[in-house]
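Protein chains in written order, with numbering that gives the first Met the number 0: chain E, 0 to 378; chain S, 0 to 257.
If you are wondering where the hints come from, they were derived from the structure by calculation, not from laboratory data.
Watch out, some of these pointers could steer you wrong.
As the list claims (entries may be wrong) - No more than 20 angstroms apart at the CA atoms, straight line, and that leaves these computed lysine to aspartate or glutamate pairs for EDC-like: (1) E:Lys24 to S:Glu13; (2) S:Lys196 to E:Asp306; (3) E:Lys9 to S:Asp237.
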Amino acid sequence: MDFELSQDHKVLQAAVRDFVEKEIKPIAMKIDEDHAIPDDLVGKMAEMGFMGSYFPEEYGGAGLDVLSYAIVVEEVSKACGSSGVLISAHTSLANNPIYAFGTEEQKKKWLPDLNTGEKIGCFLLTEPNAGSDAGGTATMYKREGDEFVINGGKIFITNGGYLGTGILFASYDRSLKHKGISAFIVDLASPGVTILKNEKKMGIRGSYTTAFAFDDLRVPVENLLGQEGKGFNIAMETLNGGRIGIASQGLGIAEGAFERALAYSKERKQFGQSICEFQAIQFKLADMYSRIETSKLMIYKAAWLKDNKKNYTMESAMCKMLASEAATYVTKEAMQIFGGYGYICDYEIERMYRDAKITEIYEGTNEVQRVVISKMLLS
Amino acid sequence: MKLLVCIKQVPDMESRFKPNSAGTWYSDSDLAWRMNEYDEYAVEQAVRLREQLGDSSELTVLSIGPDRVVESIKKSLAMGCDRGVHIQDPAIHEKDPWQVAGIIAAYAKEQGFGLIFTGMQSQDRGSAQVGVTVAELLQYACATTLVGFAFDNGVVTAKRELEGGIKGVVKLPIPALVTCQLGLNVPRYPTLPNIMKAKKKEITPIAVADLLKEAPLVQTTSFHPPTKKGAGIVLEGDVNGLVEKVIGIIKEKTAVLR
């Protein structure tokens, strides 16, 4: 058993850190204020290979592994949670289902543009009355000749505003519940696709969260992903992997806040000494760091399991739950260590505090993660 | 043309350094390691020349040290070097610049490199001797402190940084060795696809004993932080009184006022 990163992973980690330090950290505050990640940064991240880290080179990917992907999302999220989720949702929720469930033709057609960041991917499952309960999907499709015609709407779609490539879930018979759902690969820059709005949010403000309407959206039959009626399985399997990405985002946010709080606790003097010399602060630092390390171990284990083609459903649920709760806990305690300064927007802690919360909610709320874990324990 | 770039792995300079048990160098436990910053500019310039010359050239990256220095070799391979040479030596920090240069020259002598790039100095020892000594041992032309580089028709045109920000331009025939100053270029990031490609590149291990022929000329006898200065004096009172006190102290303690 070896808990050390390999030399190749260390080289990757150092390279990503260097990039993040120079290209993302200086503009993270502006990304939050502008509610937008500059196209220039998306381009640079794509050039770095962040948009297709673990997919084979023959499909335009970097050919690395899931652990490398987790490290990329973690390091990016230390500086900017919005950029972290851009990579995570794109990689896990768009590239991955095409790679895992697509035909060879579909992989060759869609993956190169996604892996090189020419197109930004998204996952269109959530509706006003369907999220983790995907059986409630009300977006409908029917076949007309060589096309499927889709009508309905989706909400809360991360990366939706880029109008890139989407994995869209729709039902052909609502009475069949989840067994009536199919998945489609969709070019969102198509007639019949309307953006209703890009939501304003508490955190991850640089990331698009988009509501769509589909009005007679026509999709060629060859864009059906997997078999008809198997969309629910595709969605669930995809979300399993996605949880590693969101866990890495939560971990990165927690680490970013911790690094700043640790440094500040050494600088800030009260009553004639650095505040890190007070036990009240020391205990906070110990609790924060322990939760970070616990999450990291579980994320790296889940990534390792996926890389080694072993079942990782339970570990991905656990790492998502642990890391997101570490993120909200650590950012809260970091703000307490910073005191009033932490609440001021000129410091980064309040942004991290706002960015952290969503990681407990999306890609399955933590309550859903607990359902997944306990179901597996009791099955 | 065969090209060589020599790199050193050094601790992150923001580390907290503690003397080792012998008190002759820093302890290497609990340190984060990275490529010597000057060497990153050397690698970038060497890779640019490799790209300029195309496949008629081959660029080797060399580093001496324990297993961890392979990380810096791999980074250089991901930046565009073709192959790596790892001279295995867990005790490189005990060797003086004469020995380090001797090891590199012993390797390079048989290889016929047209151009060798090194950093101007290392961030930890900072002797700035290794590059120039390698050049001397190999009888290569040498220019130091490069802030500009061009290569055409077998001639290196190097812009050097002189004292006070003045620049000088020198020309060197090959074979030559140049040492690179900060700001020579903008080192590229190793991208993920290139990190993947670097995994397939060859890294040749060589035992240091096969190359080390020289005894040290210089020995480090002590490594210690500067002695702590006493606490400063805090003066209080109104401005006129403070000025009088400051003048009194300056007269008493220094030769500035008489």
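Worksheet entry | List of violated hint numbers, smallest to largest | 3
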